[in-house]
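J.: Respectively, the protein sequence lines represent chains A and B.
With the working numbering, letter number 190 in the first sequence gets 190, and the count goes up by one each step, no holes.
With the working numbering, letter number 148 in the second sequence gets 148, and the count goes up by one each step, no holes.
Hints may be right or wrong, so weigh each one.
[Unchecked claim] If you want a taste of the chain A side facing chain B, the calculated C-beta under 7 Å gives, among others:
1) H52
2) T56
3) M103
4) E106
5) W114
6) L116
7) G119
8) P120
9) P215
10) L216
11) G223
12) L231
It should be emphasised that the hints constitute simulated quantities derived from the structure, not laboratory data.
None of these values were measured; they are calculated from a predicted model.
The beta carbon of each residue, even a glycine, is placed where N, CA and C say it ideally should be.
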Amino acid sequence: MSSFNAETGILTASRDEIGALVAWATGAAEADAGAVDAMLGQAGAGSLERPHVKLTDALAPLRRPIVGVRLAKTGYLMPGWVGEGRFTLHVYRNGDDDQLVSMPAEHLVHFLLWLLDIGPRPRDERPAETSVQSDQLSRAVALRLGDRPSEGLLPEPLDSAVAHGFRDWWLASSHWPPAEGTPGKIMLEAIDTDAGLWSVQQLEDGTAIVRPVTPLSTMLALGDLLPDGNLVDQSAPRLPLEDTPVHGGPVKWVADVLG
Amino acid sequence: MRLRRRTPTHGLEFELEFPEELNVYRDVAGTDLIVAAGEVNDPGATVISIGAVRGEEPVTRDEHVRRVRANSADLQPHLVDEGPMPLAGHKSWWTVDAIVVGGRSLVLDRWMLVRDGVGWTASVQTPALNMHSIRDGAITIVSTLRFT
């Protein structure tokens, strides 16, 4: 049963229904426009031809995305878009009550601080770097996401932090049409524990470097998800269709471990 | 005889070093001094403020911190980080919050300390979009705070 909050502009519907709306709005995948229209009408959000003004705002970044955002949290990947000064995210919930949430683009960092529950953590000394096998790290994280024991998989003190104080794992990435000579993407991966936040840098040789990070440095890093104007190719009409995120879902390596 | 312009902190209990082009306000209730890049009431401005709570019973730093945070609860701050940090020769408690004011997403750094039983607060408010380019410079200005 879909619904629409005309005050906040939040559309609540099934995962497939929001996925179809996203596919239609971005143009990046096939969609059954008739079914989407029926869903919007039932929710009181207007129609594809005449969407409610708040839904028009929410769909603006999908119609002309400049930045594609992928946010993985608690084992699920969610697609998001930045464009026209707004940020819109397909929030994965239980599948029958997913939400399309939109806000001014400059609220992205504040929203992520709330969503990822970034706040003060202990300041105890931790090793500056810990090198681990990526598959071992993924296995430990996946086990903890499934509330299963992970002890002994990682070097200390990371092992104890993950095994006994695991809070969450998340990954946030954004990509955009880059200005010449500048990077066109950024990816942040972190493990959150009672002992503090840890950044994860995946290397091509199958290892990962895990470093302690503060909540402040995490906030500053999240701010990098919105690229400065000089990093974006201003002549690009939009993010190319093939790079535009549409669907999310379970993170494969988490699902593989948890069966 | 050459007339000298008074410094912006003339008559105050402290000195602060900042560029001349910034706007100075000394008539905003609850503060001793505000230095702003832009207009003080513009949420898009970067604002540095220094102020004390006078005329009350002596407080401890913890009491002052609790009072300051309680008084700003209407901002619905999202506390990002906090910890001890020296400021102007005193032990201060630093906090950084994400807040929304007038639809703008802002980062609010505060340093709270007690001097002779009086609670002082120095703060830097920066638009979140500019936090990489402006926040460090504004914090450098706060670090020049010296009580006289």
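J.: At a threshold of 7 Å, is the proposed contact between A:P120 and chain B supported by beta-carbon distances?
T.: holds (5 Å)
J.: Taking the closest Cβ pair, is A:G119 under 7 Å from chain B?
T.: holds (6 Å)
J.: Does A:W114 pass the interface hint, meaning its C-beta sits closer than 7 Å to a C-beta of chain B?
T.: Constraint on A:W114 satisfied, holds at 6 Å.
J.: Measuring from the C-beta of A:L216 to each C-beta in chain B, is the shortest one below 7 Å?
T.: With Cβ-Cβ at 4 Å, under 7 Å, it holds.
J.: Verify the interface restraint on A:H52: the C-beta must sit less than 7 Å from at least one C-beta of chain B.
T.: Nearest chain B Cβ about 20 Å off; hint violated.
J.: For the hint on A:T56, just tell me whether its beta-carbon gets within less than 7 Å of chain B.
T.: violated (18 Å)
J.: Closer than 7 Å between Cβ atoms is the bar; does A:E106 clear it against chain B? Give me holds or violated.
T.: With a closest approach of 5 Å, the A:E106 hint holds.
J.: A:M103 was flagged as interface toward chain B. Is the shortest Cβ-Cβ separation under 7 Å?
T.: violated (9 Å)
J.: Hold the hint about A:P215 up to the distance rule: shortest CB distance to chain B must be less than 7 Å.
T.: holds (4 Å)
J.: Against chain B, with CB atoms and a cut of 7 Å, does the hint on A:G223 hold up?
T.: holds (6 Å)
J.: If you take the shortest Cβ to Cβ gap from A:L116 to chain B, is it below 7 Å?
T.: violated (11 Å)
J.: Under 7 Å is the threshold here; is the Cβ of A:L231 close enough to any Cβ of chain B for the hint to stand?
T.: violated (12 Å)
The earlier numbered hints that this structure contradicts are 1, 2, 3, 6, 12.
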